[in-house]
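J.: So the chains spell out like this:
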Amino acid sequence: MKALVQKDFYVIWKQMRIYVLVLVLLSMVNSAFNMVFLVVWCSMLPYTAIAYDERSHWNQLAAMMPYSKRDIVLSKYVLGWICMAAVGVFCLAVQAAVGIVSGSAPSVPTLLASLCVGIISLDITLPAVLRFGVERGRMIFMVLIFGVMISIGVLVDMVDELPSLSVPLAVLLPLGAAVGTALSIPLSMKLYKEN
Amino acid sequence: MNAIELTHVHKSFGEFAIQDLNLIVPSGTICGLVGENGAGKSTTIRLLMNALRPDGGTARVLGVDASSPEFRAVKEDVGVVLDEAYYPETLTVGQVGKVMAGTYKRWDQGTYDGYLRRFDLPGKKPFKDFSRGMKMKLAIAVALSHQPKLLILDEATSGLDPIVRDEVLEIFNEFTREEDHSILISSHILSDLEKLCDYIAFLHRGRLLFCNEKDQLLETYGVFAGTAEQLESLREEAVLGREASGYGGVRALVRREEVPAGLELERATVEDIILFMVKGAK
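Chains A and B, in that order, give the protein sequences.
Under our numbering, the first residue of the first sequence is numbered 8, with each subsequent residue one higher.
Under our numbering, the first residue of the second sequence is numbered 120, with each subsequent residue one higher.
Keep in mind the hints are simulated off the structure, nothing from the lab.
A virtual CB, placed ideally from N, CA and C, is assigned to each residue, including glycine.
Misleading hints may appear alongside valid ones.
Per the computed footprint, the stretches of chain A lying under chain B, defined by three or more beta-carbons under 8 Å from a beta-carbon of chain B, are [as the list claims (entries may be wrong)]: (1) 15-22; (2) 73-84; (3) 93-101.
Straight line, CA to CA, 30 Å or less: simulated DSSO-like cross-link-like pairs of lysine-lysine [what the hints assert, rightly or not]: (4) A:K9 with B:K217; (5) B:K224 with B:K244; (6) A:K9 with B:K314; (7) A:K76 with A:K21; (8) A:K76 with B:K268; (9) A:K9 with B:K243; (10) A:K76 with A:K200; (11) B:K217 with A:K76; (12) A:K200 with B:K243; (13) A:K9 with B:K224; (14) B:K268 with A:K9; (15) A:K9 with A:K76; (16) B:K217 with A:K21; (17) B:K243 with B:K254; (18) B:K224 with B:K247; (19) A:K200 with A:K9; (20) A:K21 with B:K333; (21) A:K9 with B:K254; (22) B:K244 with A:K200; (23) A:K21 with B:K268; (24) B:K268 with B:K254; (25) A:K9 with B:K398; (26) B:K398 with A:K76; (27) B:K254 with B:K244; (28) B:K254 with A:K76; (29) B:K247 with A:K200; (30) A:K9 with A:K21; (31) A:K197 with A:K76; (32) B:K398 with A:K200; (33) B:K314 with A:K200; (34) B:K254 with A:K21; (35) A:K197 with B:K224; (36) B:K398 with A:K21; (37) B:K314 with A:K76; (38) B:K314 with B:K217.
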């Protein structure tokens with residue numbers, strides 16, 4: 008699997024160079040939005056790798072090599088996790104450095120929440136992308152997002168005030184990320200095998 | 120031991136199907152897989168490598184059932200070159216080498232570097248800027264650099280210029296000097312197969328029409344060239360296919376043992392045999 012992740016890093020390196028530039032600029036501003044934006048954007052890098060795989064028909068060649076389907080699927084999750092973790096650590100380091108001058112402290116809880124959101128986003132979208140490809144998978148992702156947004160809108164219209172959450176986000180987000188990953192990986196493997 | 124054994128393999132895709140495919144490639148030999156476009160050559164290769172599951176029958180490679188969990192380890196011993204190289208376009212040959220070093224346990228970087236020099240492949244140029252010939256050379260270099268015992272080559276020599284093609288065929292020949300090394304090669308360039316192969320297997324519309332030793336094949340068949348009247352005088356079962364030649368004559372592929380001893384026949388090439396058989400089947 009290490010070789011597959013290595014291949015994906017080589018493939019997305021050009022895209023990452025632009026990303027690193029945006030990352031450096033945005034991470035200097037200590038803002039929760041920037042951190043969530045950067046981490047969630049980073050969680051989409053596996054789709055770039057998958058798009059390159061599709062364009063070159065890499066999977067046809069990979070099927071001839073001693074990779075298991077499990078390795079091929081897991082490598083995309085691992086790529087996303089590594090990218091998100093690296094970005095998170097980088098953001099913390101930059102914000103800590105900026106904080107020496109400005110006096111503001113980097114927010115570790117915001118970073119952890121961002122990572123959880125990024126992982127959940129990956130968990131929701133990767134199975135569809137692995138099954139239907141990047142183009143159709145993105146469409147499904149958009150339909151899902153619109154579905155959720157419309158549902159929330161309808162709910163808000165129905166009740167004047169949304170009930171406050173009894174479980175704090177500090178528990179809900181990591182739990183969501185863990186459960187999401189536990190469900191998403193087997194689903195991705197099943198869908199990938201059906202391809 | 121046989122390098123490849125396909126037994127009663129069946130795979131249907133609706134209109135097209137591989138039907139009751141039985142093929143044996145003994146260890147230490149080179150088998151050429153011949154057939155028209157869409158005859159099922161690439162499908163056969165995918166079935167062999169467990170990239171496709173057959174609807175029925177079994178495929179064994181180097182003695183191991185391709186559908187078994189143990190087959191993943193066997194893939195270490197099989198070098199595959201497909202009809203295209205299929206590496207992601209941004210990779211360079213150096214990066215391909217690093218990825219393959221993590222893929223194959225017996226990856227030999229020295230061998231790989233040797234082939235890169237031999238094929239004159241640039242180290243830093245991205246794969247997308249390679250010509251088709253360069254792409255195929257890279258795929259061949261990778262297939263030969265992890266100490267395989269079996270090479271499976273799907274149109275591996277297409278796109279190569281005649282000089283490089285000849286060199287590549289020599290490399291394949293060198294490869295089989297080890298007695299447990301074998302090759303299954305599909306190609307449209309039948310003269311290459313005639314030069315290289317010990318066995319010729321002919322797939323036509325998903326069915327294996329024959330798999331014979333090349334020498335036996337060349338001894339069995341001859342090409343008759345004469346008049347239509349002369350050809351009509353031959354027994355029907357002696358003639359496998361015919362075509363009109365210039366000046367009102369005919370050419371036909373005939374079984375040597377079925378024609379009168381005194382009849383003069385031209386030597387049949389593998390290409391003659393295949394072409395006449397396809398025409399005969401139509």
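J.: Please go over all the hints and tell whether each is borne out by the structure.
T.: Structure-based check of each hint:
Under a criterion of three residues with beta carbons nearer than 8 Å to beta carbons of chain B, the stated coverage of the region 15-22 of chain A is upheld, 4 such residues being counted. Counting residues of the region 73-84 of chain A whose CB lies closer than 8 Å to any CB of chain B gives 3, which reaches the minimum of 3, so the coverage claim holds. Residues of the region 93-101 of chain A with a Cβ under 8 Å from some Cβ of chain B number 0, which does not satisfy the need for three, so the listed coverage is violated. Proposed proximity of K9 of chain A and K217 of chain B is supported: the alpha carbons are some 11 Å apart, at most 30 Å.
A threshold of 30 Å between alpha carbons decides the hint, and for K224 of chain B with K244 of chain B the separation of about 26 Å falls inside it, so the pair holds. Restraint check for K9 of chain A and K314 of chain B: the C-alpha separation of about 41 Å exceeds 30 Å, so the hint is violated. A hinted pair counts as satisfied when its Cα atoms are at most 30 Å apart, and K76 of chain A with K21 of chain A qualifies at roughly 27 Å. This hinted pair checks out: K76 of chain A and K268 of chain B have alpha carbons roughly 24 Å apart, not beyond 30 Å.
The hinted pair formed by K9 of chain A and K243 of chain B meets the criterion: a straight-line CA distance of about 22 Å does not exceed 30 Å. Distance hint between K76 of chain A and K200 of chain A is fulfilled; the C-alpha atoms sit about 7 Å from each other, no more than 30 Å. A C-alpha spacing of about 21 Å is found between K217 of chain B and K76 of chain A, which places the hinted pair at or below 30 Å, so the restraint holds. Taking the CA atoms of K200 of chain A and K243 of chain B, the gap is near 35 Å; set against the 30 Å cutoff, the hint is violated.
Between the alpha carbons of K9 of chain A and K224 of chain B the distance comes to roughly 13 Å, so the proposed pair stays at or under 30 Å and holds. For the hint linking K268 of chain B to K9 of chain A, the alpha-carbon distance of about 25 Å falls within 30 Å, and the restraint holds. Between K9 of chain A and K76 of chain A the alpha-carbon distance is near 14 Å, which keeps this suggested pair within the 30 Å criterion. Of the supplied pair hints, the one linking K217 of chain B and K21 of chain A holds, its CA atoms being roughly 18 Å apart against a limit of 30 Å.
Of the pairs offered as hints, the one joining K243 of chain B and K254 of chain B holds, with about 14 Å between alpha carbons and a cut-off of 30 Å not exceeded. At roughly 27 Å between alpha-carbon atoms, K224 of chain B and K247 of chain B fall within 30 Å of each other, so this suggested pair holds. For the given pair, K200 of chain A sits about 21 Å from K9 of chain A by alpha-carbon distance, which is consistent with the 30 Å threshold. Using a Cα cut-off of 30 Å, the hinted pair K21 of chain A and K333 of chain B is violated, with the two alpha carbons roughly 50 Å apart.
Restraint check for K9 of chain A and K254 of chain B: the C-alpha separation of about 24 Å stays at or below 30 Å, so the hint holds. At most 30 Å may separate the alpha-carbon atoms for a hinted pair to count; K244 of chain B and K200 of chain A exceed this at roughly 34 Å. As the CA atoms of K21 of chain A and K268 of chain B are separated by approximately 37 Å, the hinted pair breaks the 30 Å bound. Straight-line distance between C-alpha atoms of K268 of chain B and K254 of chain B comes to about 23 Å, which keeps the hinted pair within the 30 Å bound.
Proposed proximity of K9 of chain A and K398 of chain B is contradicted: the alpha carbons are some 51 Å apart, above 30 Å. Taking the CA atoms of K398 of chain B and K76 of chain A, the gap is about 42 Å. The hint is violated against a cut of 30 Å. Restraint check: the Cα-Cα separation between K254 of chain B and K244 of chain B comes to about 12 Å, which is no more than 30 Å; the hinted pair holds. Under the criterion of a C-alpha separation no larger than 30 Å, the hint pairing K254 of chain B with K76 of chain A is consistent with the structure, at around 25 Å.
Distance restraint check for K247 of chain B and K200 of chain A: the Cα-Cα separation of roughly 29 Å lies within the 30 Å cut-off, and the hinted pair is therefore satisfied. Taken as a hint, the K9 of chain A and K21 of chain A pair is honoured in the structure, with Cα atoms around 20 Å apart against an allowance of 30 Å. The hinted pair formed by K197 of chain A and K76 of chain A meets the criterion: a straight-line CA distance of about 10 Å does not exceed 30 Å. In summary, the hint linking K398 of chain B to K200 of chain A is not supported, as the alpha carbons are separated by about 40 Å, beyond the 30 Å threshold.
About 40 Å separates the Cα atoms of K314 of chain B and K200 of chain A, which puts this hinted pair outside 30 Å; it is violated. Distance hint between K254 of chain B and K21 of chain A is fulfilled; the C-alpha atoms sit about 21 Å from each other, no more than 30 Å. A threshold of 30 Å between alpha carbons decides the hint, and for K197 of chain A with K224 of chain B the separation of about 28 Å falls inside it, so the pair holds. The suggested pairing of K398 of chain B with K21 of chain A is violated, with an alpha-carbon distance near 52 Å, which exceeds 30 Å.
The hinted pair formed by K314 of chain B and K76 of chain A fails the criterion: a straight-line CA distance of about 38 Å is larger than 30 Å. Taking the CA atoms of K314 of chain B and K217 of chain B, the gap is about 34 Å. The hint is violated against a cut of 30 Å.
The earlier numbered hints that this structure contradicts are 3, 6, 12, 20, 22, 23, 25, 26, 32, 33, 36, 37 and 38.
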